[in-house]
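The whole structure should be built from the sequences, with the hints applied where relevant.
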Amino acid sequence: MRLTNNSRADSYPAWSADGGMIAFTTNRDGNMEIYAMNADGSSPTNLTNDMADEAFPDWSKGR
Amino acid sequence: MKKHCTIFGQFLACAPVGIALVLAACSATTSPNATPGPLLPPAILAPTVAIAPIHLAEDPGKIVFESDRDGNMEIYAMNPDGSTPTRLTTNEADDSDPTWSPDWQRIAFVSDRDGNPEIYVMNADGSSQTRLTNNPAGDSSPAWSADGHKIAFVSDRDGNQEIYVMTPWGSDGSAQTRLTNNPASDNAPDWSADGSKIAFVSDRDGNQELYVMNADGTAQTRLTNNPAADSFPAWSPDGSAAGQLAFVSDRDGNEEIYVMTPGGAAAALQCA
Chain D
1 MRLTNNSRAD SYPAWSADGG MIAFTTNRDG NMEIYAMNAD GSSPTNLTND MADEAFPDWS
61 KGR
Chain R
1001 MKKHCTIFGQ FLACAPVGIA LVLAACSATT SPNATPGPLL PPAILAPTVA IAPIHLAEDP
1061 GKIVFESDRD GNMEIYAMNP DGSTPTRLTT NEADDSDPTW SPDWQRIAFV SDRDGNPEIY
1121 VMNADGSSQT RLTNNPAGDS SPAWSADGHK IAFVSDRDGN QEIYVMTPWG SDGSAQTRLT
1181 NNPASDNAPD WSADGSKIAF VSDRDGNQEL YVMNADGTAQ TRLTNNPAAD SFPAWSPDGS
1241 AAGQLAFVSD RDGNEEIYVM TPGGAAAALQ CA
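Heads up: the sequence lines are chains D and R, in that order.
So the first sequence is numbered by the working numbering: it starts at 1 and just counts up by one.
So the second sequence is numbered by the working numbering: it starts at 1001 and just counts up by one.
The set of hints was computed from the structure by calculation and includes no laboratory data.
Backbone N, C-alpha and C define an ideal beta-carbon position, used for all residues, glycine too.
Keep in mind that the hints are not guaranteed to be accurate.
[As the list claims (entries may be wrong)] No farther apart than 25 angstroms at their CA atoms in a straight line, the calculated lysine to any residue pairs in the SDA-like style are these: (1) Lys1062/R x Arg28/D; (2) Lys1150/R x Asp29/D; (3) Lys1150/R x Gly19/D; (4) Lys1062/R x Met1078/R; (5) Lys1062/R x Asp1081/R; (6) Lys1150/R x Ala17/D; (7) Lys1062/R x Ser11/D; (8) Lys1062/R x Asp50/D; (9) Lys1150/R x Asn46/D; (10) Lys1150/R x Thr45/D; (11) Lys1062/R x Asp1094/R; (12) Lys1150/R x Asn1182/R; (13) Lys1062/R x Leu47/D; (14) Lys1062/R x Thr1086/R; (15) Lys1062/R x Gly1082/R; (16) Lys1062/R x Ser7/D.
[Claimed, not checked] Stretches of chain R that chain D covers, calculated by requiring three or more beta carbons in the stretch to come under 8 angstroms of a beta carbon on chain D: (17) 1232-1238; (18) 1246-1256.
Okay, structure coming up:
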């Protein structure tokens, strides 16, 4: 099942501890930023918003 | 979207009876709901650790990531809403690809500060940065097992990219064991939540596909099969080897994030 759908690259998914969200890397805004979305792909939100490149998110496991 | 049922319950509801029975057998041996014991052995909780112990109920839910916002690639951590980004590494080399230990007190990452990519570990506040691998090859893509006892990683020390596993606090290379062995590139390992399986990427069949294997490297099985490149599997935190895999694929023309349930292929593997 596809969770993202846009003309740019989305990559490096990482789950939140409760499985409810997925952080990922995307360049949909022009450069690589960290986003988080619900696990069904809804409500993608930019968590970093600068001119630099961010990638490889990993969510603490909550165990 | 928060899950309101267990993965075992999900399989009872949607999976063929045969798979459900296999998973029931697996869950009986891996006890995903058992009360967790100590996540890390005493060796990594040595008195030299600089940070104060963190109670297990106080997981800050931080996201670690790499950024070149300060001129070169460094490791940062932030709250899940993006607030309070904090730099954890500071040096002229590239520090990248961070991954949390399961008790969120340590972060494994890749750095070329000593001349080539090696795997390092540090405390969650960036202190006590320590090299875990040391060889002329490139070591990368660390992934911590759920019990904290092992780190899977990628190395080309034997000529091409293969997946290895090590004990994070091993004193020498003897604790680093190769799990894959073929002329193709095997990379991007990620552990299942119960620690019994490792998902990874291999182009052994002609292009990048997702595979899964037992944690000891046996029963390597292809999960995807299409002309596109499938990569970067990430196993959901469900307490079972049959959790969902998020991954990246360009099957629709560019890289997008997908999710799949390994289901039959993972269930067919023997319980570790």
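Agreement of Lys1062/R and Leu47/D with the hint, judged by alpha carbon distance not exceeding 25 angstroms: holds, 12 angstroms
Lys1062/R paired with Asp50/D [C-alpha distance capped at 25 angstroms]: holds, 19 angstroms
Restraint status (C-alpha distance of Lys1062/R to Thr1086/R at most 25 angstroms): holds, 11 angstroms
Restraint check for Lys1150/R with Gly19/D, where alpha carbons must lie at most 25 angstroms apart: Holds, at about 22 angstroms.
Restraint status (C-alpha distance of Lys1150/R to Asn1182/R at most 25 angstroms): holds, 22 angstroms
Agreement of Lys1150/R and Ala17/D with the hint, judged by alpha carbon distance not exceeding 25 angstroms: Within the cut-off at roughly 19 angstroms; holds.
Outcome, coverage hint (the stretch 1246-1256 of chain R, chain D; C-beta under 8 angstroms; three residues): holds (count 7)
Holds or violated: Lys1062/R to Asp1094/R, with C-alpha atoms at most 25 angstroms apart: With a Cα-Cα distance of about 21 angstroms, the restraint between Lys1062/R and Asp1094/R holds, given a limit of 25 angstroms.
Pair hint outcome, Lys1062/R versus Gly1082/R [Cα-Cα no greater than 25 angstroms]: Between Lys1062/R and Gly1082/R the Cα gap is close to 9 angstroms, so the pair holds against 25 angstroms.
Lys1062/R paired with Ser11/D [C-alpha distance capped at 25 angstroms]: holds, 19 angstroms
Satisfaction of hint between Ser7/D and Lys1062/R, Cα-Cα up to 25 angstroms: violated, 29 angstroms
Pairwise hint evaluation, Asp29/D against Lys1150/R, where the allowed Cα distance is 25 angstroms at most: Given pair Lys1150/R, Asp29/D is violated - Cα atoms ~37 angstroms apart, limit 25 angstroms.
The structure shown violates the earlier hints numbered 2, 9, 10 and 16.
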